[in-house]
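There are 2 protein chains.
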Amino acid sequence: MIYKHHVPSLDRLIHELKKWPGVGSRSANRLANWLLKMPQAEIQQLIQALKDIKTNIKKCPGCFTFTEEEELCRLCRSSHRKADLICVVEEPFDIARVEASGKFKGRYHVLHGTLSPLHNVKPEDLTIKPLLEKIKQGQIKEVILALDADMEGDITALYIGKLMKDHNIKVSRLAHGIPFGGDINYIDEQTLGRALENRVEVVI
Amino acid sequence: MIYKHHVPSLDRLIHELKKWPGVGSRSANRLANWLLKMPQAEIQQLIQALKDIKTNIKKCPGCFTFTEEEELCRLCRSSHRKADLICVVEEPFDIARVEASGKFKGRYHVLHGTLSPLHNVKPEDLTIKPLLEKIKQGQIKEVILALDADMEGDITALYIGKLMKDHNIKVSRLAHGIPFGGDINYIDEQTLGRALENRVEVVI
Chain A
263 MIYKHHVPSL DRLIHELKKW PGVGSRSANR LANWLLKMPQ AEIQQLIQAL KDIKTNIKKC
323 PGCFTFTEEE ELCRLCRSSH RKADLICVVE EPFDIARVEA SGKFKGRYHV LHGTLSPLHN
383 VKPEDLTIKP LLEKIKQGQI KEVILALDAD MEGDITALYI GKLMKDHNIK VSRLAHGIPF
443 GGDINYIDEQ TLGRALENRV EVVI
Chain B
263 MIYKHHVPSL DRLIHELKKW PGVGSRSANR LANWLLKMPQ AEIQQLIQAL KDIKTNIKKC
323 PGCFTFTEEE ELCRLCRSSH RKADLICVVE EPFDIARVEA SGKFKGRYHV LHGTLSPLHN
383 VKPEDLTIKP LLEKIKQGQI KEVILALDAD MEGDITALYI GKLMKDHNIK VSRLAHGIPF
443 GGDINYIDEQ TLGRALENRV EVVI
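Residue numbers (my numbering), protein chains in the order written: chain A, 263 to 466; chain B, 263 to 466.
Chain A on its own, in the form it takes in the complex (with noise of 0.2 Å):
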């Protein structure tokens, strides 16, 4: 249901609003409907913001993800990641996920999307070639592919571990299985099977 305002600059911003993902005709106007109320201070903070995102940001040339430093980013010029060890990316947000685990100190490679050919992503949309370029530079060992457990993922996870594989480096993808805590009844079929190939030895 599409509520007319009449009230062109309002229609317009719900307009906008809705564009925006998980957002709705209902949560578009509940939004605009607060953002009028908010003080002339806060919506110029806001303004503010998204414009400082296009003019600061920009990609490292290190790992291409997002960053406002000069040249690389912290996490490149970091001395106490090993430089031998990549965890490829998805997205430049999928690094703080990582990081929060705790359990990864090597360098990170942000691939920008995944291979998809039902959304007609290629590889030279992707930054499949400056990865190569890295690996042919001899330091790289290992390969993590932190990629979503989804048919993108998979696929891209196999056109890059045969690029990898013509350079003898070792590529691994984040294991399968239950997550944390969770009920084997309520785990669909997929992730169960996954969880049972993917089996562990349990050793005492």
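Any given hint might turn out to be false.
Copies of the same chain look alike in the list, so a pair counts if it fits in one copy or across any two.
When the alpha-carbon atoms are kept at most 30 Å apart in a straight line, the in silico DSS-like pairs for lysine-lysine are as follows [claimed, not checked]:
1. K396 with K299
2. K280 with K313
3. K316 with K299
4. K280 with K320
5. K398 with K344
6. K365 with K266
Note that these hints are calculated values from the structure, not bench results.
We have chain A already, so just place chain B on it with the hints.
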């Protein structure tokens, strides 16, 4: 869980987005990522829309809804609407909802809130005084209170109802009851109780 991206502009935008109603840490991250990938022109449209609502929109001096008109809003100006019947709503956005029902052809009056002892909202914080001014002019015959069916709505309805009674104005409230298509088994007891109290005789 709060993920730090170590990109100040990005963290600032996420901070702004998290102030929005219904937007948590995870949604703010997802929206920020999506906004980062938006083309410059689209961001500019959004910024313009945000600026416009603050500069173009004001309150109608007649009914206090949001409008961009120089003087009275479209509904206050219309000669096709009954001038002796007023529908009192909480928010400007409620007008579009009542209009969509197609059952009301009078004028509106927007309170911009409801009385709330809990949130310290007093009669002078709402547009109750201008409503009383309208009543005193002697043209109004009936006031319909289209307020939410919650405690604040009840308090406000009682307060305005008493004021109107002092001026011999007929006051009504929206009927509470089972929603259209509602299943009695899934309706809470308060609603069912009100539906019983307000039962309507079946006329054959």
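Here is what the structure says about each hint:
1. K396 with K299: between (51 Å within a copy, 25 Å between copies)
2. K280 with K313: both (20 Å within a copy, 17 Å between copies)
3. K316 with K299: For K316 and K299, both the intra-copy (26 Å) and inter-copy (9 Å) Cα distances are at most 30 Å.
4. K280 with K320: This pair counts as both: shortest intra-copy Cα distance 27 Å, inter-copy 23 Å.
5. K398 with K344: Answer is within; shortest intra-copy Cα gap is 17 Å, inter-copy 80 Å.
6. K365 with K266: between (52 Å within a copy, 17 Å between copies)
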